[in-house]
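Starting from the structure of chain A, add chains B, C and D where the hints point.
Chains as they are written, first to last, in the numbering used here: chain A, 1 to 326; chain B, 1 to 326; chain C, 1 to 326; chain D, 1 to 326.
Please note: incorrect hints may appear among the correct ones.
Since the list gives no way to pick out one identical chain from another, each pair is judged satisfied if it fits inside one copy or across any two copies.
Pairs of lysine-lysine, DSSO-like flavour, derived with a Cα cap of 30 Å [claimed, not checked]:
#1 K131 <-> K242
#2 K198 <-> K242
#3 K198 <-> K131
#4 K309 <-> K198
#5 K325 <-> K92
#6 K80 <-> K100
#7 K309 <-> K325
#8 K309 <-> K131
#9 K309 <-> K100
I should point out that these hints are in silico values taken from the structure, not numbers from a laboratory.
Protein chains: 4
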Amino acid sequence: MHAVAIVGAGRIGAIHARNAAANARLRLAYVVDPIADAATRLARACGAQSAGLEDALSDPEVKGVIVASSTDTHLEVALKAIEAGKSVFCEKPIDLSLEKVQRNAPVFSSGNFFLGFNRRFDPNFAELWRKLRGGEIGRLETLHIISHDPAPPPLSYIGASGGLFRDMTIHDFDMARWLAGEEVAEVYAAGGCLVDEKIADHGDIDTAKIILKTASGRLVFISNTRRSGYGYDQRIEAYGAKGRLAAGNMRETTVEHWSTEGCVSDAPMDFFLERYAAAYVNEMEHFADMLSGDASPTVTYDDGLQAQKISESALRSARNNRPVKV
Amino acid sequence: MHAVAIVGAGRIGAIHARNAAANARLRLAYVVDPIADAATRLARACGAQSAGLEDALSDPEVKGVIVASSTDTHLEVALKAIEAGKSVFCEKPIDLSLEKVQRNAPVFSSGNFFLGFNRRFDPNFAELWRKLRGGEIGRLETLHIISHDPAPPPLSYIGASGGLFRDMTIHDFDMARWLAGEEVAEVYAAGGCLVDEKIADHGDIDTAKIILKTASGRLVFISNTRRSGYGYDQRIEAYGAKGRLAAGNMRETTVEHWSTEGCVSDAPMDFFLERYAAAYVNEMEHFADMLSGDASPTVTYDDGLQAQKISESALRSARNNRPVKV
Amino acid sequence: MHAVAIVGAGRIGAIHARNAAANARLRLAYVVDPIADAATRLARACGAQSAGLEDALSDPEVKGVIVASSTDTHLEVALKAIEAGKSVFCEKPIDLSLEKVQRNAPVFSSGNFFLGFNRRFDPNFAELWRKLRGGEIGRLETLHIISHDPAPPPLSYIGASGGLFRDMTIHDFDMARWLAGEEVAEVYAAGGCLVDEKIADHGDIDTAKIILKTASGRLVFISNTRRSGYGYDQRIEAYGAKGRLAAGNMRETTVEHWSTEGCVSDAPMDFFLERYAAAYVNEMEHFADMLSGDASPTVTYDDGLQAQKISESALRSARNNRPVKV
Amino acid sequence: MHAVAIVGAGRIGAIHARNAAANARLRLAYVVDPIADAATRLARACGAQSAGLEDALSDPEVKGVIVASSTDTHLEVALKAIEAGKSVFCEKPIDLSLEKVQRNAPVFSSGNFFLGFNRRFDPNFAELWRKLRGGEIGRLETLHIISHDPAPPPLSYIGASGGLFRDMTIHDFDMARWLAGEEVAEVYAAGGCLVDEKIADHGDIDTAKIILKTASGRLVFISNTRRSGYGYDQRIEAYGAKGRLAAGNMRETTVEHWSTEGCVSDAPMDFFLERYAAAYVNEMEHFADMLSGDASPTVTYDDGLQAQKISESALRSARNNRPVKV
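Chain A extracted, bound-state conformation (with noise of 0.2 Å):
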């Protein structure tokens, strides 16, 4: 059994902790957050203790850090991490400033850096990703991808989260290049206030058709809303040469209503905690394959920079309404 701190006690530290918790090769020993209250209730839930972030990564039998805190303290944490000779599993991003993120790239060489990009390890993307590597539908050509939240944020998160394409495409930017398998070389990005004029006041858009250019010419294609108004609508589509892989939206039951009304059956699972639950587990045991030493991070912070630089360009993009370079 691996030890392992976990730096962050809110929603998203919660779901890490109780599953490196529930992990058979890890045991949960320290958990971290400014808000003693929060760190002490999680520790006793999760059979851990309360610790300072110092406390913690000076005790030798940790070997492993979780860093789940706010956005803005990713890349500090991180990098005290490493240095404390710790592997590190990093909710993303790992930072708003791209400037920052490419500096620090040095660092996070050395193959012990694990960035969470939680949908590359949702059962059903994976497995349209094993099928498209299995030659399935021959070469790819292009690709779809849906996302669209259920209903927008607060107004408040929408103004310190970095923008729509920082926040929200990044994820989808990932898939792009992780099922494409090449990078991007170039974006161009459709944006609007459709939704909530309050969102644009905010300098914001909520609305987004994109289109990517891949470097050996495929063509993605991504949409994004901050409201969909039927859920969280999570859905991606390959086209080859020989056909098409689609990996479709979970479902909270099986249940169908047939009435003289035609058929009802039940929504998309809302939200990414409840979509995303399985992934979020095959990332901790991920993680332990890490600190096991029986494999290498899937997602590196190369892999984080890269979806960053594409964020910069479609924003660049939509504000000048032309096509942009990666």
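Positioned in the frame of chain A, the structure of chains B, C and D alone reads:
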């Protein structure tokens, strides 16, 4: 082009008349109906002329007769047409009296009588049959046949129909024989009046669950109701050594409406005239094949007789609450 | 019954001729085709007679003319028919030259010209349109239109087609205008030759992803490929303030085969003659409505003109890799 | 936190032990198993200790006992636990001997015995039950229960299982009682050996189609096979005065592969440990509710007894080929 006459200008007669007129190998010459107006109107719409039965039968150009008159005249018209040397396409049932059907069987043994069990010509069920015969699920073991009407017919219809087993389940008994590829040996029928007590007052039931055993020991389940409350439900499932074949309902459209209430999709097509529209076209094509000498009838007088025998056994089973040998 | 003539006895001409002959309010009087044999054969099968164009147009009983000849003759035939005082049902496109289409527009402003954009008459898309207009998802925000052909046409066809945008996407541009209920203001088209390099040698592309902005700021995504590898894929999704409407593919049958390999269900109907069979019938019904004075054409000459303008803009956008105002 | 002990460290014992350990309100104190190694290994993985039954029962902190030992010891262990004043969560069946179950019934009438009919806790079936009780389809008329195993168990298991009706159909009889909300009055069971003749040599059948009549006249159909050839098929359909409710299979993933062969989608989850994973978690939650005094057991000793009575009647029905009163 083979000239044909149709007897009966009612609802199903109109369907067959239009399909005959549109068939590239058939020419609809006559429409026969005791209600002169109905005959004239249908004849005009189809480029035919209205006529009396004797006139139509005495025209030597007429090669085939389509019997779509009222049930109690099917046998009489068919007999006259056979005597006049015509090929016959007869709507089911041959006659409500099993005794009469049996007595007249020898007349219809010459291969020029085709009984309109429409479901055998439904593209979905026909494809299921082909896959079954093609060995896609290995040896067939059991069958489930769901056959639910959207809403009960008028009580006056119930009284004259011969009852649920003779009027409605007879289609399912034919499906069972056709798909199993062998005779039914025994039937157990559990029925009741769960929909409308007035149907019981007319000596009938409105709901039935039936288990058949075939000669070789296969098991067949049939479900019937006069009122589904959700449209015309016509499904078949076949279970074999290597898997399952299922033919589902056809829907009005493919449109889905996703909202916070979930996903609403269309009800099944309602009713048989719409669901089996393609089947009626295919029946007429088969009749044209017969007249062209390219096919023997795939549904014979004996098929009608056997299905009626099972109906009578089902009635005895339900009345006495025990399995009955056919 | 209104007498009509059809010009063109090819594949689509045969469809329209049979639908006209089967329509209760229309009488197909003439079939016109430079290949006399083809005209005679089709005329005989439909109870019409073959004739020269001038003879057909000079028959005062003929109220309507269906233009299904080769693309380069559409405009010329339509002009003659209008001059002769007939109503016209014209296959798309009006002409490959936008300039010619614009120049002749004044001739066709009198309300007796109906352009056959068949997809508007597909029962699935029509139902989606009705629900959209009925407010079922609130204000429309964005549209996705998937329009993939099963396999590329012969290279000779590619050369004469005017290219992907004028030949294929034009249908999708019409869908966008019709569903959005407003004009398209700007188009960005990213295209490439991912299917077959020989198509590039003919100066065309085989794959495109397109983003439209409408006058009011709605966003529309269109996906095209000349070869899907899995059949004819025709789907539309509409996203609004209160949810999503989706119209899916129609399949050959509803049969499913379940085995240890999973569930195999039928491919989409292949190709447009089958998928849009009901649409062609509905088009003819609409033409009969026009001839009866019960309807004005729902698809006008101007609709054809606008769709072609977007096609030209899309071509410029793809060539110059930038968004282009329509 | 309530301390609990588990008896049985086999396959299902391991599931319950892990769910108890992960439950926020339960503490797994002891694992009891005659195979000391198995007990020790499972105890270590769950943070518990291995112990003998007497030691576990004599610990006054232990409030609940989970009985997951071999079937022939269920009743004996449950009796000892009840005598020791513990609440019991017992795997089904209580005992293969109906006589023993009936004789010991009085001991278990005090409301601290919970029988693990897992399917009642499946989110899909539970939602169907809620909608049914909520009146969504009006008065329930009939039920269809499809319960097909993927592949037959070893013949040694067949011999010790008590036969298909006692081992497998008993789950479906419980579903019938639970969903109908009333007792079963009569059963007709048609069974056979269609899968493997060797099962007949062991005095058992492998395929059954069963019709139940409830006290008020509702009809229930049950379909069983020991080998589906396409995975674990667990579906329920409820038919009522105003429509139909259907709960379908859960699949491994949502991925579809479209090609010229059609669409291939995933098989159902295989087998009960995976399909009913959420149900086992929900069972443990219900046991925690019982120990907290927040709930009486929703599945009682009497529920087990009644389902077994129907099993015995079904066996007599199949042997004598006639309906049998329960």
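Status of each hint after checking the structure:
no.: 1; hint: K131 <-> K242; verdict: both (12 Å within a copy, 24 Å between copies)
no.: 2; hint: K198 <-> K242; verdict: between (45 Å within a copy, 18 Å between copies)
no.: 3; hint: K198 <-> K131; verdict: between (42 Å within a copy, 29 Å between copies)
no.: 4; hint: K309 <-> K198; verdict: within (27 Å within a copy, 35 Å between copies)
no.: 5; hint: K325 <-> K92; verdict: within (24 Å within a copy, 38 Å between copies)
no.: 6; hint: K80 <-> K100; verdict: within (15 Å within a copy, 66 Å between copies)
no.: 7; hint: K309 <-> K325; verdict: both (10 Å within a copy, 29 Å between copies)
no.: 8; hint: K309 <-> K131; verdict: within (28 Å within a copy, 41 Å between copies)
no.: 9; hint: K309 <-> K100; verdict: within (12 Å within a copy, 47 Å between copies)
Of the numbered hints stated above, none is contradicted by the structure.
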